[in-house]
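Visitor: So you can see what is in the structure, the chains are spelled out below.
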Amino acid sequence: MPEPRVKALTLRINGRAFTVPAGTSVAAALALAGDFVSRSDLGGRPRGPLCGMGVCFECRATVDGVPEVLTCLTPCREDLEVVTDA
Amino acid sequence: MREACDLVVIGAGPGGLAAACRAAEAGLDVLVLDAQPEPGGQVWRGEARKGTNRLARRWLSRFAASGARFRPGARVVAAPEPGLLLVEEGPSSLAVRYGRLVLATGARERFLPFPGWTLPGVLGVSGLQVLVKDGLPIRDRRVVLAGTGPLLLAAAATIHAHGGEVLLVAEQAPAARHWGFALQLWRYPDKLIQGAVLSAGLAGVRTATESWVLEARGERRLESVRMSVGGREEELACDYLGAAWGLVPNLELARLFGCEVSRGAVVVDDRMETRVPRIHAVGELLGIGGVDQALVTGEMAGLAASEQPVPDALVSAWRRVRVFAEALARHDAPRPELRRLATPQTLLCRCEDVPLSALEGCRDLREARLYARLGMGSCQGRTCGAAAEALFGWAAEDVRPPCLPARIGSLRLPPETPPTPKRAS
Chain A
1 MPEPRVKALT
11 LRINGRAFTV
21 PAGTSVAAAL
31 ALAGDFVSRS
41 DLGGRPRGPL
51 CGMGVCFECR
61 ATVDGVPEVL
71 TCLTPCREDL
81 EVVTDA
Chain B
87 MREACDLVVI
97 GAGPGGLAAA
107 CRAAEAGLDV
117 LVLDAQPEPG
127 GQVWRGEARK
137 GTNRLARRWL
147 SRFAASGARF
157 RPGARVVAAP
167 EPGLLLVEEG
177 PSSLAVRYGR
187 LVLATGARER
197 FLPFPGWTLP
207 GVLGVSGLQV
217 LVKDGLPIRD
227 RRVVLAGTGP
237 LLLAAAATIH
247 AHGGEVLLVA
257 EQAPAARHWG
267 FALQLWRYPD
277 KLIQGAVLSA
287 GLAGVRTATE
297 SWVLEARGER
307 RLESVRMSVG
317 GREEELACDY
327 LGAAWGLVPN
337 LELARLFGCE
347 VSRGAVVVDD
357 RMETRVPRIH
367 AVGELLGIGG
377 VDQALVTGEM
387 AGLAASEQPV
397 PDALVSAWRR
407 VRVFAEALAR
417 HDAPRPELRR
427 LATPQTLLCR
437 CEDVPLSALE
447 GCRDLREARL
457 YARLGMGSCQ
467 GRTCGAAAEA
477 LFGWAAEDVR
487 PPCLPARIGS
497 LRLPPETPPT
507 PKRAS
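Residue numbers (the working numbering), protein chains in the order written: chain A, 1 to 86; chain B, 87 to 511.
The following block holds chain A by itself, in its conformation from the complex (with noise of 0.2 Å):
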């Protein structure tokens, strides 16, 4: 049986580019580039996401330029531009 061709995209995460099958979430492209880390706490421990359903706010970051995005809610798209507070 012939795969099913999966579009892919290119986007940016802390300046690295990274590419990604086409409907990949944000939150989920986060563990390619290192420790699955999205911002840090009060105290500078890392976090990730967490609840994967935009509830609890964990795993937000800076894409595009606008700030406390949720990530898990968030489709990677061509040339995305994420940063995390980490």
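There could be a bad hint or two in this list.
Listed below are several chain A residues computed to face chain B (Cβ distance under 8 Å; list not exhaustive) [unchecked claim]:
no. : residue
1   : 36
2   : 41
3   : 46
4   : 48
5   : 53
Derived BS3-like pairs: lysine-lysine, alpha-carbon spacing no greater than 25 Å straight-line [stated by the list, open to error]:
no. : chain 1 : residue 1 : chain 2 : residue 2
6   : B       : 136       : A       : 7
7   : A       : 7         : B       : 219
8   : B       : 219       : B       : 136
It should be emphasised that the hints constitute simulated quantities derived from the structure, not laboratory data.
Backbone N, C-alpha and C define an ideal beta-carbon position, used for all residues, glycine too.
Keeping the supplied structure of chain A fixed, place chain B upon it in accordance with the hints.
Guide: Structure of chain B alone, referenced to chain A:
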């Protein structure tokens, strides 16, 4: 921007979709709001693109053909007067005038704090499942799951199917309660099939009852977990831990509207109308009952909102679903050991970094908010609230607007936009 409609539905999961379909098919101008980019809610997340689940496909195409309008990425932040919602959509704000409202806000996972639960790599059970469905690379990653009930098995099946190495599925319920629940499923043929499919997908995966997580360990991210497995301690090196125990309804908006809530569920009549006139509630808001309950109650609310009679068949279907929901609630109730996992240093509120020790002397949620800032951060107590209830029995308080972090601009009525053609109602 401003919008007007006969019926606004908040939440595009199965309950919201069923309500919207029934009302729009009867000629109502229906507007559906959801925080996600696509309809389907959490349970049918990604189905709008993939179309692998037959039931989801059926309802999503019915919804697309119904004439109901869908606004993705929409979060309700306030309801300043009856018939008016203030909504944030990414960088813009929206005011919605409505005649009736259906709350279909679904549920979230019940998180309980344990040492190390704030490490990256520790997620909810369904949280990890959702991220895997959304493209988290999981092939050959080592995964431990700790939770309860059918959702635990569903998450394990998804992760296993995506090539993840599921080291252990830890079910908290005692063996007798777990198997007793499983044996009851014969009364619900659909659920029996689901259960059989799930178990078949998990052949060879280690599953244990009376088991839970004690601690997550790691420096910058999760490296290992310490588990209690049937009374014995075990340490497992792993990349991901999914840990959460069942679901709790998302009651914030229902509380904001002043709907009566009793024993953790919104009180409704046979038309799914809450104690606040013209506001209906469906699905998990009525007590965790899954897709079947969402569809049945959604249809009932959609029919009632468009002043159609509710067929007896739907009413009796709802009664049957409630029996299942009550069995599920008994099965998923967190065991006492899970309430004692946190140490004094363990953070309870992850937004404001409030450790358990900071709550000493607090007698209720209000004092914990005032003195220790529990639940005062970004998520507004959505994560720690259910934990505080499980740990201390503190009941949730009234919800005040804004019920989510919002821009100041979203809290006033946006300027009038050129009128959109309105249907006669």
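Visitor: A separate judgement is required for each hint: does it hold in the structure or not?
Guide: Right, here's what the structure says about each hint:
no.	hint	result
1	36	holds (5 Å)
2	41	holds (5 Å)
3	46	holds (5 Å)
4	48	holds (3 Å)
5	53	holds (5 Å)
6	B:136 / A:7	holds (13 Å)
7	A:7 / B:219	holds (16 Å)
8	B:219 / B:136	holds (10 Å)
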